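J.: As a plain string of letters, each chain reads:
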Amino acid sequence: MNARSLRVGGLTKRFQLPSGDILAVDGVTFEVAEAEFFTMLGPSGCGKTTTLRMIAGLESPTSGTIVFAGQDYTRVDARHRNIGMVFQSYALFPHLPIFENVAYGLRVRGMAADDIQKRVTRILDLLGLGGLAERHPGGLSGGQQQRVSIARALVYEPGMLLLDEPLANLDAKLRVQMREEIRRIQRELGIMSLYVTHDQEEAMSVSDRIAVFNLGKLRQVGRAEEVYSTPATPFVADFIGKANFLEASPLGEGRFRLTNGTTVKPRLALGLPADEADVAGFDTVVMLRPERLRIDTAGGKVPCRILRRQFLGGIIRYSVEAEGAKLALTVDAPRDIAGTGEGAQAFLDFEERDAIAYASGR
Amino acid sequence: MTAIALHPGAERRSFDWIPILVGVLTMATTLVFLVYPLVCAIGGAFVPSGEPLALENLTLGNFERFLTSTSYKRAFWNSLVVGLTATSLATLLALPLAYAVARVDIPFRRAIVALAVLPLISPPFIGAYSWIILLGRNGLITRLVAHVFDVQLPSIYGPFGVITALALGYFPYVFLIVQGALAASDPYVEEAARMMGASRWRILRTITFPSVVPAIAAGMLIVFIKALGDFGVPSILGGEYQVLPTLIYFQIHGFFNLNAAAAIAMVNVALTVGALGVLAWVNRRRTFATITGVARASRRATGSGAKLAAGSYVAVVLLIALLPQITVVVSSFVERWSGNRIPLIWGFGNFARVLTNLNQPVINSLILGGTATLVCVVFGTVTAYYVSRKRFFGRWALDLTIMLPFVLPGLVVGVAYLVGFNDGWIVLTGTATILVLAYFTRRAAYIFRSVQAAVGQIDGKLEEASTLCGANWATTMRRIVVPLIAPAILAGAILVFATLLGEISVTILLFSAKWKTISIAIYEYVISDELHNASAMGTVAIVMTLVLVLGASRLVGRSMSEMFRSWG
Ligand SMILES: Nc1ncnc2c1ncn2[C@@H]1O[C@H](COP(=O)(O)OP(=O)(O)OP(=O)(O)O)[C@@H](O)[C@H]1O
Ligand SMILES: [Mg+2]
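Residue numbers (the numbering used here), protein chains in the order written: chain B, 1 to 362; chain Y, 363 to 930.
Note that these hints are calculated values from the structure, not bench results. Be aware that one or more of the hints could be misleading.
Pairwise CB distance ranges (calculated) [stated by the list, open to error]: (1) B:Thr121 - Y:Val740: 36 to 42 Å; (2) B:Gly131 - Y:Val740: 38 to 44 Å; (3) B:Ser19 - Y:Val740: 31 to 37 Å; (4) B:Glu134 - Y:Pro458: 51 to 57 Å; (5) Y:Ser431 - B:Pro18: 48 to 54 Å; (6) Y:Gln722 - B:Pro18: 53 to 59 Å; (7) B:Asp114 - Y:Thr793: 55 to 61 Å; (8) Y:Asp785 - B:Pro18: 42 to 48 Å; (9) B:Gly139 - Y:Trp563: 45 to 51 Å; (10) B:Asn169 - Y:Gln722: 58 to 64 Å; (11) B:Pro18 - Y:Thr793: 40 to 46 Å.
In silico lysine-lysine, DSBU-like type, Cα no more than 30 Å apart, as pairs [stated by the list, open to error]: (12) Y:Lys823 - B:Lys217; (13) B:Lys217 - Y:Lys752; (14) B:Lys217 - B:Lys326; (15) Y:Lys823 - B:Lys173; (16) Y:Lys823 - B:Lys118.
These numbers come from a predicted model, not from an experiment. In this text, a Cβ means the ideal position worked out from N, Cα and C, and glycines have one as well.
Could you build the full structure based on these sequences and the hints that come with them?
T.: Shown next, in the form of structure tokens:
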């Protein structure tokens with residue numbers, strides 16, 4: 001990666017509470033390139049905010065390092081990091097007009113008044129806030145407030161922009177519009193951005209790369225396509241999109257036997273020992289995406305029974321039960337298949353290259 | 363890796379010494395100005411008068427008098443009787459008033475609530491001496507009744523007068539708290555009861571009343587503590603009838619027996635603590651709270667009968683409660699009245715005389731009150747900010763500073779200060795400093811609570827945003843935090859200052875000839891029977907406090923009644 005990258009190494013945060021310690025972030029390591037849009041995704045409480053706040057300098061790490069542009073930031077005071085941050089609650093200064101809210105970082109830096117005027121005007125125009133300079137935050141809509149907080153974070157040309165669920169307080173339609181706008185501005189300014197969300201669609205639509213967190217640990221980093229098509233763990237598979245799991249036992253040489261006896265050779269087997277001799281006895285699952293499964297009345301790899309059929313417009317979604325699946329499986333079919341009413345017996349079929357095997361449990 | 367200094371301003375995170383400093387400061391202040399004098403007083407209570415505090419001197423002699431001395435026994439029982447009856451009377455007055463205002467659709471409800479605060483704002487002993495003007499031996503009503511009906515009214519000096527004046531002076535606490543609870547309680551619960559066929563009376567008895575019992579108990583506790591610790595009213599209206607605070611005063615001014623005074627003060631505090639225990643017990647037995655997610659006001663009765671009855675009751679109670687203030691203001695304009703049935707000569711003579719002869723007490727009050735307010739502002743603001751934002755190790759000290767002055771009557775603080783700062787390490791007796799410090803101890807909590815509420819309203823992310831913009835701590839404080847909490851600081855400061863203008867129970871023990879205050883001047887006028895001068899001075903005090911408190915309520919955008927509900 002290039003010189004102006006961010007490197008986070010072994011970042012750990014332990015909160016000490018009277019009720020016991022919480023390991024909020026556990027040895028997280030990743031690197032973000034200059035001008036990259038990097039998204040941290042994960043379920044509630046998985047440590048995304050804590051990670052972001054440590055990068056901002058608002059929380060001090062228990063251990064680990066944060067290096068930006070070759071300089072060790074781990075113990076640098078937040079105000080010297082030259083970072084812009086956008087909060088979910090906007091955190092606008094209620095007693096200052098919009099202009100002064102945005103100008104704040106420049107005034108603190110002791111910039112000359114006419115330079116401030118120029119810069120603030122430019123950034124307000126970039127965000128379509130031109131007419132609002134004299135207003136106070138209280139009178140603005142949620143979307144406008146969010147734009148102001150983005151303007152305030154960008155005006156002093158920070159080294160990177162941190163956004164913690166910036167769209168969570170907006171309604172669904174505005175959320176889509178704003179995320180496109182954030183992406184546009186980010187591209188236009190070429191600024192490294194770290195974005196936190198728990199909405200996977202949002203993450204996939206705007207990010208260069210996605211980092212998936214769970215229980216304080218970083219599970220996978222990659223482009224949206226990578227993470228979706230080759231999830232590193234069953235958790236990631238389940239969190240990014242929908243995933244079906246069939247129980248299987250390893251036979252060696254990359255082959256697995258499903259509970260109904262069918263043998264398959266998935267594209268990948270993850271989490272299993274490299275040594276073929278050791279794989280026997282491992283519990284494994286085979287993961288398949290709903291759109292990669294087919295229902296066939298004539299025959300297929302796994303017999304199944306159709307529980308429910310939903311018409312969802314573009315697709316028909318089937319819920320089926322099959323031997324070796326603890327939960328009902330989801331199958332998304334592009335069109336209706338004759339003889340597949342609720343309660344009907346049928347077969348599931350799939351291409352072996354669409355399947356991935358994981359070591360499960362233990 | 364080679365470190366490239368792309369941000370020359372980058373510095374190491376410096377050690378955060380401010381919370382430590384705040385913690386140390388708070389603890390030191392608490393220890394020196396609260397714990398130390400209290401410990402001295404407690405120690406003093408256990409040694410004979412004039413003896414130093416030493417192991418071989420320890421004795422229960424000072425407490426023995428509660429068993430042997432008639433005046434001690436009387437004062438103890440009198441205090442208990444006055445406290446309990448004044449509290450009961452205040453509650454009896456306040457509950458129907460609260461119900462009428464909260465649940466009956468009478469006109470001017472806002473104005474009524476505002477007026478009900480007045481007795482709390484004007485110094486309480488002003489109420490006491492206006493009863494002398496009205497019902498004293500030479501009082502207006504006394505003479506009127508004697509002339510018209512040829513009947514001699516019973517003397518108001520003694521328990522009757524003390525209890526009435528205290529009840530009328532403090533009943534607004536019960537009223538404000540219960541009215542707030544009644545107005546806020548969930549209307550659906552009562553509607554549900556009505557749907558099940560319960561009668562109005564049954565609903566009141568089984569649903570409404572039980573739901574506000576905690577509020578009633580809290581209000582009663584405040585009245586009880588205030589009545590028990592009140593010095594001004596019994597000293598003016600008590601005559602021969604002594605209570606614990608007047609007994610303390612007597613021990614100090616009559617005999618300068620600090621040890622005996624300390625022992626009495628401890629008994630006084632024990633009664634207060636007992637009352638707190640009862641409240642805790644009441645609240646523990648009723649752990650339910652009204653769970654309400656409704657933004658709907660409770661239902662008010664609109665029948666004309668109910669409105670008439672409620673309206674008349676409210677009018678009568680308010681008239682009686684405000685009679686003292688009205689009397690003081692009216693009589694301050696009366697030039698001369700002795701010998702006449704109706705005052706004849708009106709004018710500003712009293713004011714002219716009082717203000718020319720007595721500008722020193724006014725100046726003293728301004729200086730002492732102003733300095734104490736300033737100290738309260740600095741201490742209260744800093745600690746409130748840190749309690750809300752950071753963890754620091756002096757928490758216990760702070761809780762003590764905030765809670766204790768509420769439990770300790772003013773006279774007790776006065777005794778502790780006399781004992782603690784009379785000799786030994788720190789000698790302050792007779793100085794202005796001792797008054798300022800005693801005021802500070804008793805009032806810092808006002809600013810603390812006001813600011814704490816304001817800081818609680820500010821999203822902590824604002825300060826983080828400011829830091830990330832590059833601002834240092836001082837800039838963040840100056841440009842973000844202080845502007846946002848300024849109204850709360852100012853409101854708290856005004857309230858502190860206003861209530862200090864009428865402060866008497868600490869002042870009476872600690873003032874010296876050089877540092878006589880407005881309240882002492884009024885007190886001395888009353889004692890020497892110069893009631894018209896006292897009225898002029900009292901009017902000055904009432905108007906000043908009223909204007910100030912009104913200003914404070916404007917600033918924080920809350921009504922005066924809300925401020926007293928939370929600061930009582
Ligand atoms: N200041 C704190 N003190 C104690 N525990 C904390 C603190 N901040 C966070 N935690 C805990 O650390 C864990 C991770 O919290 P964090 O806020 O980073 O999660 P998150 O991924 O941002 O979740 P969400 O999506 O809900 O915002 C949680 O268990 C949380 O309770
Ligand atoms: Mg979060």
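J.: Compare the structure with each hint and give your call.
T.: Comparing the hints with the structure gives:
Remark: the range hint 36 to 42 Å for Thr121 of chain B to Val740 of chain Y is upheld by a beta-carbon distance near 41 Å. Between Gly131 of chain B and Val740 of chain Y the beta carbon distance is about 43 Å. The supplied range of 38 to 44 Å therefore holds. Evaluation of the 31 to 37 Å hint for Ser19 of chain B and Val740 of chain Y yields a pass: the beta carbon distance comes to about 36 Å. Hint check: Glu134 of chain B to Pro458 of chain Y, Cβ distance near 53 Å, so the stated range 51 to 57 Å holds.
A hinted range of 48 to 54 Å holds for the C-beta pair Ser431 of chain Y and Pro18 of chain B, which are about 51 Å apart. Roughly 55 Å separates the CB atoms of Gln722 of chain Y and Pro18 of chain B, a value that falls within the hinted 53 to 59 Å. For Asp114 of chain B and Thr793 of chain Y, the hinted distance range of 55 to 61 Å is satisfied, since their beta carbons lie about 56 Å from each other. Between Asp785 of chain Y and Pro18 of chain B the beta carbon distance is about 44 Å. The supplied range of 42 to 48 Å therefore holds.
Under the hint 45 to 51 Å, the C-beta atoms of Gly139 of chain B and Trp563 of chain Y, about 50 Å apart, fit the expected range. Range check, Asn169 of chain B to Gln722 of chain Y: about 60 Å between beta-carbon atoms, so the 58 to 64 Å window is met. Evaluation of the 40 to 46 Å hint for Pro18 of chain B and Thr793 of chain Y yields a pass: the beta carbon distance comes to about 45 Å. Proposed proximity of Lys823 of chain Y and Lys217 of chain B is supported: the alpha carbons are some 25 Å apart, at most 30 Å.
Pair hint Lys217 of chain B plus Lys752 of chain Y holds up; C-alpha atoms about 28 Å apart against a cutoff of 30 Å. At roughly 26 Å between alpha-carbon atoms, Lys217 of chain B and Lys326 of chain B fall within 30 Å of each other, so this suggested pair holds. Annotation: proposed proximity of Lys823 of chain Y to Lys173 of chain B holds, straight-line Cα distance about 26 Å (limit 30 Å). Simply put, Lys823 of chain Y and Lys118 of chain B have alpha-carbon atoms about 27 Å apart, close enough for the 30 Å limit, and the pair holds.
Going through the hint list in order, the structure satisfies each hint without exception.
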